[in-house]
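A.B. asks: One line per chain: the protein sequences are A and B, in this order. Numbered continuously in my numbering, the first sequence closes out at residue 791. Numbered continuously in my numbering, the second sequence closes out at residue 791.
No lab work stands behind these hints, which were simulated from the structure alone. All values derive from a computational prediction rather than experimental measurement. Be a bit skeptical, because a hint or two may be false.
Copies of the same chain look alike in the list, so a pair counts if it works inside one copy or between any two.
[What the hints assert, rightly or not] In the DMTMM-like style, the derived pairs of lysine to aspartate or glutamate whose C-alpha atoms are separated by at most 25 Å in a straight line are: (1) 560 with 613; (2) 756 with 650; (3) 560 with 650; (4) 560 with 695; (5) 560 with 741; (6) 756 with 770; (7) 560 with 612; (8) 756 with 775; (9) 789 with 682; (10) 789 with 734.
Number of protein chains: 2
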Amino acid sequence: MKDNVRIVLVETTHPGNIGAAARAMKNMGLSQLYLVRPQRFPDAEATARAAGADDLLARAVVCDDLDEALTGCGMIVGASARARKISWPQLDPRAAAARLASAGGEAAVVFGREHAGLTNEELDRCTYLLTIPTVPEFSSLNVAAAVQVVSYELRMATAPPSPADQPHLATADQRERFYQHLEQVLLDLEFLDPANPKHLMRRLRRLFNRVELDENEVHILRGILTAVERKAL
Amino acid sequence: MKDNVRIVLVETTHPGNIGAAARAMKNMGLSQLYLVRPQRFPDAEATARAAGADDLLARAVVCDDLDEALTGCGMIVGASARARKISWPQLDPRAAAARLASAGGEAAVVFGREHAGLTNEELDRCTYLLTIPTVPEFSSLNVAAAVQVVSYELRMATAPPSPADQPHLATADQRERFYQHLEQVLLDLEFLDPANPKHLMRRLRRLFNRVELDENEVHILRGILTAVERKAL
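All chains should be modelled from the sequences, with the hints used to inform the complete structure.
C.D. replies: So, in structure tokens, the structure goes:
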């Protein structure tokens, strides 16, 4: 993932929020933390809440004003809970992350004070305004929680989830052989009506198709059918 | 938004995390909080970090075991940082939210202990496993941060962002009249070469098209052009 997006926290009051923001950033592969006039920093509470992201705190850039923190940045996104009067290009975190991921050069996402957010003068520095969707009557996120949501969307936008070790789905022919085996055993058990086995088999197919069987699971199920044949028939 | 998804926190150690989880839920329109054997609850720190979501804390259901918390739930999603050995239907928060949003009846997302997550026995209760994508070398989110990400995705999945009061984009003909006006003024100012005005005008069009002017902004820009005509020409 590109690490060209700095997270800028303006006049954060609680050092715990700075630590939690650093942890959220590190989880998602971000490392550039800028702090504009933090009330208490460094601070033991920030280090505790960082929970292993103290390297980000150690490298955090403490600035006297927002312009200093934004030096060199092209795209600048300001987080804001309030709907502003003035028309402003407003993005949700997903749309903002998509633009940030495709932006060239350094970029920034700016988060305001715990109780007052960003001033209009600070938002004037921003090329976009970001609003995290919430219920209207309880719209103020904790600042570290907001950093978490934006960092998560940046990771989703830039590092497509790896297919990891998802097991191979069983193929259609493997499934068919299982269904034939199952139908035969159920007929032998006199569970299916030999004159009309189709209806119940269709329900069983729907059930097993829905669970997206992998190859190994088909082997297990057919093993069970074979054990039934051996013991009960 | 449907409010049929309960958030279940298992053996949470820090009451601050319970409060922060409640706040994250309330921001996103969730209200059903279940606590399985919380270490300290109720607690002043939980209330402080809830920051106005103390109604969720007051209504939180404290349970002796996970099965009690899951009573009545159909789809159950277990959050897990670790990639498990056994093949397991694994979803990222977006995919999990999409399934939860379309699930009928009550559903649950289960979050484990701060340091140890969920046990394999607890995950056996779950119909899906959820993993929040992170960098591999720092993969453990704070539990309240994880609740925030999942709650946010649930909101994105169920409450499509309102177009809000996005201003109307200027129409093509309004833009054309502006460009004609601009070209005329720049010719009158002898800024454009009358023999070849096209090249520079194309660059200016690209600039102004890119900013997605709204109607009001076109009025402002044409007002500036008229002021220039009045004073300078």
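A.B. asks: Give a verdict on every hint.
C.D. replies: Taking the hints in turn, this is what the structure says about them:
1. For the identical chains of this complex, residue 560 and residue 613 are intra-copy neighbours only, at 19 Å inside a copy versus 41 Å across copies, given an alpha-carbon limit of 25 Å.
2. Taking the closest pair of Cα atoms, residue 756 and residue 650 never come within 25 Å of each other, the shortest separation being 50 Å inside a single copy and 37 Å across copies.
3. In this assembly of identical chains, residue 560 and residue 650 lie within 25 Å of each other by CA distance both inside one copy and across copies; the values are 21 Å within and 21 Å between.
4. With identical chains, the CA atoms of residue 560 and residue 695 are at most 25 Å apart between copies only, with a shortest distance of 16 Å across copies and 36 Å within one.
5. Within a single copy, residue 560 and residue 741 get their C-alpha atoms no closer than 54 Å, and across copies no closer than 41 Å, so neither meets the 25 Å cut-off.
6. In this assembly of identical chains, residue 756 and residue 770 lie within 25 Å of each other by CA distance solely inside one copy; the values are 21 Å within and 60 Å between copies.
7. With identical chains, the CA atoms of residue 560 and residue 612 are at most 25 Å apart within one copy only, with a shortest distance of 21 Å there and 39 Å across copies.
8. For the identical chains of this complex, residue 756 and residue 775 are intra-copy neighbours only, at 23 Å inside a copy versus 67 Å across copies, given an alpha-carbon limit of 25 Å.
9. Taking identical chains as interchangeable, the C-alpha atoms of residue 789 and residue 682 are never at most 25 Å apart, the minima being 78 Å within one chain and 29 Å between chains.
10. For the identical chains of this complex, residue 789 and residue 734 are intra-copy neighbours only, at 24 Å inside a copy versus 83 Å across copies, given an alpha-carbon limit of 25 Å.
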